[in-house]
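Colleague: Sequence:
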Amino acid sequence: MFKKVKGGRLKFSLRPTNAAHEVFLAGDFTEWKPVQMQEKDEGCFERSLRVPPGTHEYKFLIGQQWITDPDNSEWARNPYGTMNSVAAI
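If you're matching positions, the sequence shown starts at 251 in this note's numbering and goes up one per residue.
Don't read these hints as lab results, they were simulated from the structure.
Hints may be right or wrong, so weigh each one.
[Stated by the list, open to error] DSSO-like mimics (lysine-lysine), calculated; alpha carbons at most 27 Å apart, straight line:
no. : residue 1 : residue 2
1   : LYS261    : LYS309
2   : LYS290    : LYS256
3   : LYS309    : LYS290
4   : LYS256    : LYS309
5   : LYS261    : LYS290
6   : LYS256    : LYS283
7   : LYS309    : LYS283
8   : LYS261    : LYS283
9   : LYS309    : LYS253
10  : LYS253    : LYS290
11  : LYS254    : LYS283
12  : LYS253    : LYS283
13  : LYS254    : LYS309
14  : LYS290    : LYS254
[What the hints assert, rightly or not] Computed beta-carbon distance windows for the label pairs:
no. : residue 1 : residue 2 : range
15  : TYR330    : LYS256    : 27 to 37 Å
16  : ALA269    : PRO302    : 20 to 30 Å
17  : ASP291    : ARG327    : 31 to 41 Å
18  : GLU292    : ASP321    : 15 to 25 Å
Glycine is no exception: its CB is placed at the ideal position from the N, C-alpha and C atoms.
Based on the provided sequences and hints, a complete structural model is requested.
Modeller: So this is what it looks like as C-alpha cells:
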C-alpha cells in the first residue's frame, strides 16, 4: 500500500504473504532500480521516498519475484505484458 506523507513523499508498505527477509521497491521514480525496504513490524516492510508530482508506476521485488501492490487496485499494463501498480501524488 502507499500513502501520501508530508513533503512530497509517498510511504510504501507491504506485508508479504510468505516469510521474507528482504523486500525491495522499484518504480519509475527510482528508474526501476530496486531500493531496499526496512522491516518495521515483524513481517511488515516500509519505505518512504520523495516522489515528484504526477502518476507513477511501481512494483515490489521479493527474491526473484516482482509483485504488484496487493492493497492497491490501480494498475497499468507494462511493456512486458504484466501489470504495474499505480500511485498518484
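Colleague: Would you mind marking each hint as holding or not holding in the structure?
Modeller: To see whether the hints hold, each was checked on the structure:
no.	hint	result
1	LYS261 - LYS309	holds (13 Å)
2	LYS290 - LYS256	holds (19 Å)
3	LYS309 - LYS290	holds (19 Å)
4	LYS256 - LYS309	holds (22 Å)
5	LYS261 - LYS290	holds (12 Å)
6	LYS256 - LYS283	holds (24 Å)
7	LYS309 - LYS283	holds (11 Å)
8	LYS261 - LYS283	holds (17 Å)
9	LYS309 - LYS253	holds (15 Å)
10	LYS253 - LYS290	holds (16 Å)
11	LYS254 - LYS283	holds (21 Å)
12	LYS253 - LYS283	holds (21 Å)
13	LYS254 - LYS309	holds (17 Å)
14	LYS290 - LYS254	holds (18 Å)
15	TYR330 - LYS256: 27 to 37 Å	holds (34 Å)
16	ALA269 - PRO302: 20 to 30 Å	violated (34 Å)
17	ASP291 - ARG327: 31 to 41 Å	holds (33 Å)
18	GLU292 - ASP321: 15 to 25 Å	holds (18 Å)
Checked against the numbered hints above, the structure breaks only hint 16 and satisfies the rest.
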